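Novice: Here are the chains, one letter per residue:
Protein chains: 2
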Amino acid sequence: MKVFVIGIGLIGGSFTLDLKSVMENVEVYGIDENEEHLAKALELGLIDKKAQFEELIKADLVYMAIPVDTSLNVLPRVLDIVKEDCMVIDAGSTKEEICKIVAEHPKRRNYLSAHPIAGTEFSGPTAAVRGLFKNKTNIICEVEKTAFKLQERALEIFKAIGMRIRYMDPSSHDRHIAYVSHLSHISSFMLGKTVLEKEKNERDIFDLAGSGFASTVRLAKSSPAMWTPIFRQNKKNVMETLDEYILNLKHFRKLIDEDNFEEIFSEMERTNHIREVLNGINKNEEFKIVENGK
Amino acid sequence: MKVFVIGIGLIGGSFTLDLKSVMENVEVYGIDENEEHLAKALELGLIDKKAQFEELIKADLVYMAIPVDTSLNVLPRVLDIVKEDCMVIDAGSTKEEICKIVAEHPKRRNYLSAHPIAGTEFSGPTAAVRGLFKNKTNIICEVEKTAFKLQERALEIFKAIGMRIRYMDPSSHDRHIAYVSHLSHISSFMLGKTVLEKEKNERDIFDLAGSGFASTVRLAKSSPAMWTPIFRQNKKNVMETLDEYILNLKHFRKLIDEDNFEEIFSEMERTNHIREVLNGINKNEEFKIVENGK
Numbered sequence: 001m002k003v004f005v006i007g008i009g010l011i012g013g014s015f016t017l018d019l020k021s022v023m024e025n026v027e028v029y030g031i032d033e034n035e036e037h038l039a040k041a042l043e044l045g046l047i048d049k050k051a052q053f054e055e056l057i058k059a060d061l062v063y064m065a066i067p068v069d070t071s072l073n074v075l076p077r078v079l080d081i082v083k084e085d086c087m088v089i090d091a092g093s094t095k096e097e098i099c100k101i102v103a104e105h106p107k108r109r110n111y112l113s114a115h116p117i118a119g120t121e122f123s124g125p126t127a128a129v130r131g132l133f134k135n136k137t138n139i140i141c142e143v144e145k146t147a148f149k150l151q152e153r154a155l156e157i158f159k160a161i162g163m164r165i166r167y168m169d170p171s172s173h174d175r176h177i178a179y180v181s182h183l184s185h186i187s188s189f190m191l192g193k194t195v196l197e198k199e200k201n202e203r204d205i206f207d208l209a210g211s212g213f214a215s216t217v218r219l220a221k222s223s224p225a226m227w228t229p230i231f232r233q234n235k236k237n238v239m240e241t242l243d244e245y246i247l248n249l250k251h252f253r254k255l256i257d258e259d260n261f262e263e264i265f266s267e268m269e270r271t272n273h274i275r276e277v278l279n280g281i282n283k284n285e286e287f288k289i290v291e292n293g294k
Numbered sequence: 001m002k003v004f005v006i007g008i009g010l011i012g013g014s015f016t017l018d019l020k021s022v023m024e025n026v027e028v029y030g031i032d033e034n035e036e037h038l039a040k041a042l043e044l045g046l047i048d049k050k051a052q053f054e055e056l057i058k059a060d061l062v063y064m065a066i067p068v069d070t071s072l073n074v075l076p077r078v079l080d081i082v083k084e085d086c087m088v089i090d091a092g093s094t095k096e097e098i099c100k101i102v103a104e105h106p107k108r109r110n111y112l113s114a115h116p117i118a119g120t121e122f123s124g125p126t127a128a129v130r131g132l133f134k135n136k137t138n139i140i141c142e143v144e145k146t147a148f149k150l151q152e153r154a155l156e157i158f159k160a161i162g163m164r165i166r167y168m169d170p171s172s173h174d175r176h177i178a179y180v181s182h183l184s185h186i187s188s189f190m191l192g193k194t195v196l197e198k199e200k201n202e203r204d205i206f207d208l209a210g211s212g213f214a215s216t217v218r219l220a221k222s223s224p225a226m227w228t229p230i231f232r233q234n235k236k237n238v239m240e241t242l243d244e245y246i247l248n249l250k251h252f253r254k255l256i257d258e259d260n261f262e263e264i265f266s267e268m269e270r271t272n273h274i275r276e277v278l279n280g281i282n283k284n285e286e287f288k289i290v291e292n293g294k
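In the order they appear, the protein sequences are chains A and B. Taking our numbering, the leading residue of the first sequence gets 1, the next gets one more, and so forth. Taking our numbering, the leading residue of the second sequence gets 1, the next gets one more, and so forth.
Treat the hints as calculated values from the structure; they're not laboratory data. It cannot be assumed that every hint is accurate.
Taking lysine-lysine and the DSSO-like style, the derived pairs with C-alpha atoms no more than 30 Å apart in a straight line are [said to hold, decoys possible]:
{"id": "1", "chain 1": "A", "residue 1": "K145", "chain 2": "A", "residue 2": "K83"}
{"id": "2", "chain 1": "B", "residue 1": "K149", "chain 2": "B", "residue 2": "K83"}
{"id": "3", "chain 1": "B", "residue 1": "K50", "chain 2": "B", "residue 2": "K159"}
{"id": "4", "chain 1": "B", "residue 1": "K40", "chain 2": "B", "residue 2": "K2"}
{"id": "5", "chain 1": "B", "residue 1": "K250", "chain 2": "B", "residue 2": "K198"}
{"id": "6", "chain 1": "B", "residue 1": "K159", "chain 2": "B", "residue 2": "K20"}
{"id": "7", "chain 1": "B", "residue 1": "K236", "chain 2": "B", "residue 2": "K250"}
{"id": "8", "chain 1": "A", "residue 1": "K134", "chain 2": "B", "residue 2": "K198"}
{"id": "9", "chain 1": "B", "residue 1": "K200", "chain 2": "A", "residue 2": "K159"}
{"id": "10", "chain 1": "A", "residue 1": "K145", "chain 2": "A", "residue 2": "K20"}
{"id": "11", "chain 1": "B", "residue 1": "K134", "chain 2": "B", "residue 2": "K58"}
{"id": "12", "chain 1": "A", "residue 1": "K236", "chain 2": "B", "residue 2": "K198"}
{"id": "13", "chain 1": "A", "residue 1": "K149", "chain 2": "A", "residue 2": "K100"}
{"id": "14", "chain 1": "A", "residue 1": "K254", "chain 2": "B", "residue 2": "K235"}
{"id": "15", "chain 1": "B", "residue 1": "K236", "chain 2": "A", "residue 2": "K200"}
{"id": "16", "chain 1": "B", "residue 1": "K149", "chain 2": "B", "residue 2": "K20"}
{"id": "17", "chain 1": "B", "residue 1": "K198", "chain 2": "A", "residue 2": "K235"}
{"id": "18", "chain 1": "A", "residue 1": "K235", "chain 2": "B", "residue 2": "K254"}
{"id": "19", "chain 1": "B", "residue 1": "K159", "chain 2": "B", "residue 2": "K40"}
{"id": "20", "chain 1": "A", "residue 1": "K254", "chain 2": "B", "residue 2": "K254"}
{"id": "21", "chain 1": "A", "residue 1": "K58", "chain 2": "A", "residue 2": "K2"}
{"id": "22", "chain 1": "A", "residue 1": "K2", "chain 2": "A", "residue 2": "K107"}
{"id": "23", "chain 1": "B", "residue 1": "K235", "chain 2": "B", "residue 2": "K250"}
{"id": "24", "chain 1": "B", "residue 1": "K250", "chain 2": "A", "residue 2": "K250"}
{"id": "25", "chain 1": "B", "residue 1": "K254", "chain 2": "A", "residue 2": "K198"}
{"id": "26", "chain 1": "B", "residue 1": "K198", "chain 2": "A", "residue 2": "K254"}
{"id": "27", "chain 1": "B", "residue 1": "K250", "chain 2": "A", "residue 2": "K198"}
{"id": "28", "chain 1": "A", "residue 1": "K2", "chain 2": "A", "residue 2": "K134"}
{"id": "29", "chain 1": "A", "residue 1": "K250", "chain 2": "B", "residue 2": "K236"}
{"id": "30", "chain 1": "A", "residue 1": "K250", "chain 2": "A", "residue 2": "K235"}
{"id": "31", "chain 1": "A", "residue 1": "K58", "chain 2": "A", "residue 2": "K100"}
{"id": "32", "chain 1": "A", "residue 1": "K100", "chain 2": "A", "residue 2": "K145"}
{"id": "33", "chain 1": "A", "residue 1": "K254", "chain 2": "B", "residue 2": "K236"}
{"id": "34", "chain 1": "B", "residue 1": "K134", "chain 2": "A", "residue 2": "K198"}
{"id": "35", "chain 1": "A", "residue 1": "K200", "chain 2": "B", "residue 2": "K134"}
{"id": "36", "chain 1": "B", "residue 1": "K200", "chain 2": "A", "residue 2": "K236"}
{"id": "37", "chain 1": "A", "residue 1": "K100", "chain 2": "B", "residue 2": "K200"}
{"id": "38", "chain 1": "A", "residue 1": "K200", "chain 2": "B", "residue 2": "K235"}
{"id": "39", "chain 1": "A", "residue 1": "K198", "chain 2": "B", "residue 2": "K236"}
In this text the structure is predicted, and so the values were computed from the model without any measurement.
The following block holds chain A by itself, in its conformation from the complex:
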């Protein structure tokens, strides 16, 4: 099977690593604008060969893991080139626009719109790891618009690399993901900004901040090249989540200002319920660790 990966970073690179470990006769071709990334991917064994766009005609599977604005240009061009039974999957974090852009494409049925909830704050080929997708959710949008045979093939691969599948329409996907992912990134970036602005003396942050701060601003290490187009594409939903978040912060501030600490206590106690929710997420992660430990 000839697999072409467009964008050989954390997601693309981890995908090829897993694919090679669960399937035989996989030959991986890498396409990336960044020559250094391509060279590194070759060196790390994420890909077997560098490739050009025109070679996509040979592909049995194309996996796209590039910024979501670039995807809007690249996906139609990929579909134009690939052969009849080639499957094209994209891994972007927004789904509404990309589904729209290929809605009328003659090869729409070759495309599967998927979003693996497996990102980290790291990026580039050196961030790729085996097992990244194990016990992670893969959200598939508009599954009914993909050819049935290709759906089957995709599900086989996702199952083999350990992913759980969840089906959603693109608009619900973008709305939910704004809450559980995009907002976290903004809250983290702005927290980092607020502290960096205040603590001009960085030695102070080193010394005074603990693991709690580190955890809360972890996502502020994320790649602006990846996240700017996400916020642009998901503008409406992201602004709505931001409005609600800001309202909640203002309300909390008001309660402090009014010395209403009984209500401050209750607010936090109610939100403690997030423990059980996080236990659910961690339980998935634990499975992963146990299974990897085998």
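Dock chain B against chain A, hints included.
Specialist: Showing chain B alone in chain A's frame:
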């Protein structure tokens, strides 16, 4: 040495575990309003005996790790009881009020005001772990007001359990800590609240949220009983940090609204600088892991 720990939870319990592993002839007495916690602490070997307040007269060292509002009542009473050469340390996350409340106490020189930056989102005696303080910063306030002999003894203990020392005045402490710790907790609690309000169907959060969300809302698991009095005592500073955080969020929202994605990119790129800051924090954590691994 007779050590009395008042409040035998994460911090108090971890302190006694470390103390016992670095010093000989340590006898630990536990005082806690919560009878279950006391029983658990005894069972876990965090303390050797339960004790009453009146027994504090026997103490060579008193370590207080209780909510910061309770401390304001308890510390003067402890100082009233303890003998001349007893050292009293409190571990609270705010320092201005507690230093004020004992400023004129006849035994002020027996008190050392310290804040170990070692908390986690967990609490209670079952959260106590050996090595919690290794390579963590201990902020000491108004060191000059503590008897020199007791300072020496305290530093010996802190050094033995692996802590770095940083001296600060209480008012600077509370201002800095509002940024690098208290604000993180509020941002996390309000993020958790925003998502819980929106995602009534919790299965959705389980399925859709990844490790990024888990990391950003981790602190929303923290104890309201501990955090409410912290926000009350540090009201002025906390409100200031919140104002700046809200301003930054609103500015980010405005940039999105105006489609100024160049500036969105730059905002994130500038804040990426937090990577180096976090590397500093993690480097300390790595030391810990390496040394524990010995």
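Novice: The structure should be examined with respect to each hint, and the outcome stated for every one.
Specialist: Against the structure, the hints come out as follows:
Taking the CA atoms of K145/A and K83/A, the gap is about 18 Å. The hint holds against a cut of 30 Å. For a cut-off of 30 Å, the pair hint linking K149/B to K83/B stands: about 15 Å separates their Cα positions. For the given pair, K50/B sits about 27 Å from K159/B by alpha-carbon distance, which is consistent with the 30 Å threshold. For the suggested pair K40/B and K2/B, the alpha carbons sit about 20 Å apart, so the restraint of at most 30 Å is met.
For a cut-off of 30 Å, the pair hint linking K250/B to K198/B stands: about 20 Å separates their Cα positions. Straight-line distance between C-alpha atoms of K159/B and K20/B comes to about 14 Å, which keeps the hinted pair within the 30 Å bound. In summary, the hint linking K236/B to K250/B is supported, as the alpha carbons are separated by about 21 Å, within the 30 Å threshold. This hinted pair checks out: K134/A and K198/B have alpha carbons roughly 27 Å apart, not beyond 30 Å.
Our distance criterion of 30 Å between C-alpha atoms is met by K200/B and K159/A, whose separation comes to about 28 Å. A hinted pair counts as satisfied when its Cα atoms are at most 30 Å apart, and K145/A with K20/A qualifies at roughly 28 Å. Distance restraint check for K134/B and K58/B: the Cα-Cα separation of roughly 29 Å lies within the 30 Å cut-off, and the hinted pair is therefore satisfied. For a cut-off of 30 Å, the pair hint linking K236/A to K198/B stands: about 16 Å separates their Cα positions.
For a cut-off of 30 Å, the pair hint linking K149/A to K100/A stands: about 22 Å separates their Cα positions. With a C-alpha separation of about 11 Å, the suggested pairing of K254/A with K235/B holds against the 30 Å cut-off. A distance of roughly 20 Å separates the Cα atoms of K236/B and K200/A; the hinted pair therefore holds under the 30 Å criterion. Of the pairs offered as hints, the one joining K149/B and K20/B holds, with about 21 Å between alpha carbons and a cut-off of 30 Å not exceeded.
For the hint pairing K198/B with K235/A, the CA-to-CA distance comes to about 18 Å; that is within 30 Å, so the pair holds. Between K235/A and K254/B, the direct Cα distance comes to roughly 11 Å. Compliance with the 30 Å bound is thereby established for this hinted pair. For the hint pairing K159/B with K40/B, the CA-to-CA distance comes to about 28 Å; that is within 30 Å, so the pair holds. Of the supplied pair hints, the one linking K254/A and K254/B holds, its CA atoms being roughly 22 Å apart against a limit of 30 Å.
Between K58/A and K2/A, the direct Cα distance comes to roughly 7 Å. Compliance with the 30 Å bound is thereby established for this hinted pair. Under the criterion of a C-alpha separation no larger than 30 Å, the hint pairing K2/A with K107/A is consistent with the structure, at around 19 Å. The suggested pairing of K235/B with K250/B holds, with an alpha-carbon distance near 22 Å, which does not exceed 30 Å. In summary, the hint linking K250/B to K250/A is supported, as the alpha carbons are separated by about 11 Å, within the 30 Å threshold.
With a C-alpha separation of about 22 Å, the suggested pair K254/B and K198/A falls inside the 30 Å cut-off, and the hint holds. The straight-line distance between the Cα atoms of K198/B and K254/A is roughly 22 Å, inside the 30 Å bound, and the hint therefore holds. At most 30 Å may separate the alpha-carbon atoms for a hinted pair to count; K250/B and K198/A meet this at roughly 18 Å. For a cut-off of 30 Å, the pair hint linking K2/A to K134/A stands: about 23 Å separates their Cα positions.
Among the hinted pairs, K250/A with K236/B is consistent with the structure: their alpha-carbon atoms are about 15 Å apart, no more than 30 Å. For the suggested pair K250/A and K235/A, the alpha carbons sit about 22 Å apart, so the restraint of at most 30 Å is met. Restraint check for K58/A and K100/A: the C-alpha separation of about 26 Å stays at or below 30 Å, so the hint holds. Between K100/A and K145/A the alpha-carbon distance is near 12 Å, which keeps this suggested pair within the 30 Å criterion.
At most 30 Å may separate the alpha-carbon atoms for a hinted pair to count; K254/A and K236/B meet this at roughly 12 Å. About 27 Å separates the Cα atoms of K134/B and K198/A, which keeps this hinted pair within 30 Å; it holds. A distance of roughly 26 Å separates the Cα atoms of K200/A and K134/B; the hinted pair therefore holds under the 30 Å criterion. A C-alpha spacing of about 21 Å is found between K200/B and K236/A, which places the hinted pair at or below 30 Å, so the restraint holds.
Restraint check for K100/A and K200/B: the C-alpha separation of about 28 Å stays at or below 30 Å, so the hint holds. A C-alpha spacing of about 23 Å is found between K200/A and K235/B, which places the hinted pair at or below 30 Å, so the restraint holds. Taking the CA atoms of K198/A and K236/B, the gap is near 16 Å; set against the 30 Å cutoff, the hint holds.
Violated hints: none; the structure is consistent with every hint.
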